[in-house]
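The chain contents come next:
2 protein chains.
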Amino acid sequence: MLLRDISVVDENYEVREHQNIITEGDAIAYIGPELPADYRGESYDGRNKAAMPGFFNAHCHVPMTLIRGYGEGLPLDRWLNERMFPFEALLTADDMYWGALLGIAELLQSGAVSFTDMYMEMDGICRAVEQSGIKANLSHGTSAFSPEAHFTDTNGYKGLAYLMEYQKTAANDRIIGEASIHAEYTCTDTVAREVADFARAHGLRIHTHLSETRKEHEECKARRGGLTPAAWMERLGVFDAPVTAAHCIWVEDADIEILARHGATAVTCPSSNLKLGSGIAPVKKLLDAGVRVAIGTDGAASNNNLNCIEEVNLASILQKGATGDPLFLGPRDTLELACRAGALAQGRTGCGCLKAGNRADLVVYDLDKPHLQPVYDLLSNLLYSAQAGDVALTMVDGRVVYRDGEFPTIDLEQAIWNAGRIRDEKLARLAANC
Amino acid sequence: MLLRDISVVDENYEVREHQNIITEGDAIAYIGPELPADYRGESYDGRNKAAMPGFFNAHCHVPMTLIRGYGEGLPLDRWLNERMFPFEALLTADDMYWGALLGIAELLQSGAVSFTDMYMEMDGICRAVEQSGIKANLSHGTSAFSPEAHFTDTNGYKGLAYLMEYQKTAANDRIIGEASIHAEYTCTDTVAREVADFARAHGLRIHTHLSETRKEHEECKARRGGLTPAAWMERLGVFDAPVTAAHCIWVEDADIEILARHGATAVTCPSSNLKLGSGIAPVKKLLDAGVRVAIGTDGAASNNNLNCIEEVNLASILQKGATGDPLFLGPRDTLELACRAGALAQGRTGCGCLKAGNRADLVVYDLDKPHLQPVYDLLSNLLYSAQAGDVALTMVDGRVVYRDGEFPTIDLEQAIWNAGRIRDEKLARLAANC
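Quick note, the sequences are listed as chains A and B, same order.
Each step along the first sequence adds one to the number in the UniProt record's numbering, with nothing skipped, and position 426 is 426.
Each step along the second sequence adds one to the number in the UniProt record's numbering, with nothing skipped, and position 292 is 292.
Where hints are given, some of them may not hold.
Chain copies aren't distinguished; within one or between two, either way the pair holds.
Straight-line C-alpha distance at most 20 Å; calculated SDA-like pairs for lysine to any residue [to be verified]:
1. 215 / 424
2. 49 / 405
3. 426 / 20
4. 426 / 376
5. 215 / 328
6. 221 / 161
7. 215 / 323
8. 215 / 356
9. 215 / 75
10. 49 / 14
Honestly, the hints are just simulated from the structure, not real lab data.
Throw the hints in and build the complete structure from the sequences for me.
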């Protein structure tokens, strides 16, 4: 595809106007002022539009779209125990497929090209990712409560084995399987150590939740002889693999050193962290210590959407507010987190910015909107004024997966209908069990 | 208009499905399950749609759309002194008209039906409000620095005189003129007292900025013998008129008592407060003390949009995060702030909720969106999952002012073109003056 006469947010996250972008296969072949006279592919009018690198949503539970808004207004423990867990226990792989497809539609239309996910029933989720054209690092959250349990007995292991098998036969590298430890409070020493060993032996990344709530953080220290979740994981070798650690709100200085020392990625999920009353991640301290920080939406059950544009905006302004420094995490630094850091956290090279040779993962914004005019500083408008409805086109690996309200790879009407059907069926079963 | 078979957020902010709404003139004539057989007016298909009360944006500087993103990345004092003030000094009434029109378009498409504004050049802003069909409480910010100055010498007085004259001949009550004291740090004792006296004598409301930054709050105490901005204003009689006090981030317990005692409205502006690094307003303390709290976008220069849906969502989740209480400020309580409190702060009766007899100020959401499905709790989806692009129709006083991307009262293309023209002209003049 040739995107003609478009503003481009370049590899340094600076704006260049009146550029032409040519994509070939899954890659960007050219970005620059020249317009090839003999181009024969599809041509896209980029006037009054801007091409941005796509977002890498670094922490998600994509099928949780199925339980969006369920249990609103309940306290956290009742929300989890009376609503989330009983509902999730009923979900099949087919349900996951529909929930994931609905969530992926949200992601694509808000500018995401990839997401890192932890959930269950990998086959259903894989199918949705494969069909939709988005990229994803997938994992089945490993949990274990019995001291006798071993990793190979867990559903986390089965999910990972499925993913590793899947990757062998996949026609592309869009899906990457990851190991996972759901969280410190849902795992044993034995299983966490085995996950770490397995990940190291197979060159896998590990996705986990870390110090999301003060309660979880303090209870770990009480339970584990003063060890924080990060210290406990480090001792078990978890950080010897590349780790994506979601939330990191209550990490202490020594925890931040652990994350930095091992090259782990901390993922801030501002909407979910605020909505659940969990707090605000110390992003400045993390960055100052050299920790890679990425941005995630978390699942739609606690967000309550997967709107990456909203999330990236909030990640920036919330940190300005929390630090009292309006210059902290400006547009360029925020894009570093949302794009480059997210791609690196997924272990993907040639991703996270727009330049020739990189993957063609890009998002086109329509600037012909009242809230995007006038333009003094386009990057400022894209980061602080834009909304998901401004995305005109999303391309992943050179393939158009969203354009002007249409999803070429997703039957949205069918996905919405099935999400409603699944809601009705599960609510009926839950009511019958009462 | 008849809105057929629509979900309605009713006067108690509870959802009723399969309702019919009939508007007549500027009011709601009927809401209920009955469908009149002989209705002859326009009929609107409300299936898979929801009607919400429109938002009352309680603090704005609407023409600042003209300087959206200008000076991004500068520290606050340089941003103000090198960018905002020199630019604003060049703005004419005609410029204000175009800036206001652009901002009103943003407001209408994100569900606002009214806004409270403080700026300059009332004739330009009045013209935009009148034409667009939105409601507004307008004021010219009064500032005075010389001890000899009197209110009647100020531009704030001239602006107010214009508004009072305008109201006498206006064909409707959409525009309400308010007195204003820009802020404690931009006013003298004499002028503040005179504004208060004038407002009381003429039954006017007063719009002001209060304790937005820690610096401003502390400097006031140092300058005014220990008086906080609220205590200083109380002593001068300002709170003897109904006051709309924007921000209130650094108010102390005694200040909160002042606001409560006088029935003032505190307006929280979360996006702007975070982006400028000002802090987080103590909304829970304010509400617990009985202070009316409303929600505002502030101006687009510090937000950087006028997206009311985003603002209302953020007002809710930010307070959950700041208090650590996920149950604080749920959907219904948030609507109380965004609609009812905002309308009361404007002194408007028959506004702020949908019921027969009230003004027909309503916003229709299209629920056929991936991020708004499935529905368990519609109010939760509307507050936490929706985005401005979901608004299908906005009606003010029974008149459709936004529908499916179109503004019947605003030539958006012309407004955008003029905003660009004004930018170019002013930048050229500023460059020439250097």
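So, going through the hints one by one against the coordinates:
1. For the identical chains of this complex, residue 215 and residue 424 are neighbours neither inside a copy (34 Å) nor across copies (54 Å), given an alpha-carbon limit of 20 Å.
2. In this homomeric assembly, residue 49 and residue 405 come within 20 Å of each other (Cα to Cα) both inside a single copy, at 16 Å, and across copies, at 18 Å.
3. Proximity of residue 426 and residue 20 under a CA criterion of 20 Å is satisfied in neither setting, with 50 Å inside one chain copy and 30 Å between copies.
4. For the homomeric pair residue 426 and residue 376, the shortest alpha-carbon distance between copies (12 Å) is at most 20 Å, but the shortest distance inside one copy (51 Å) is not.
5. Taking identical chains as interchangeable, the C-alpha atoms of residue 215 and residue 328 lie at most 20 Å apart only when they sit on different chains, with a minimum of 19 Å there against 29 Å within one chain.
6. Within a single copy, residue 221 and residue 161 get their C-alpha atoms no closer than 32 Å, and across copies no closer than 66 Å, so neither meets the 20 Å cut-off.
7. For the homomeric pair residue 215 and residue 323, the shortest alpha-carbon distance between copies (15 Å) is at most 20 Å, but the shortest distance inside one copy (23 Å) is not.
8. Proximity of residue 215 and residue 356 under a CA criterion of 20 Å is satisfied in neither setting, with 47 Å inside one chain copy and 48 Å between copies.
9. Within a single copy, residue 215 and residue 75 get their C-alpha atoms as close as 14 Å, which meets the 20 Å cut-off; across copies the closest is 37 Å, which misses it.
10. In the homo-oligomer, the alpha carbons of residue 49 and residue 14 lie at most 20 Å apart inside one protomer (15 Å), although the nearest pairing across protomers, at 40 Å, exceeds that limit.
In summary, the numbered hints that this structure violates are 1, 3, 6, 8.
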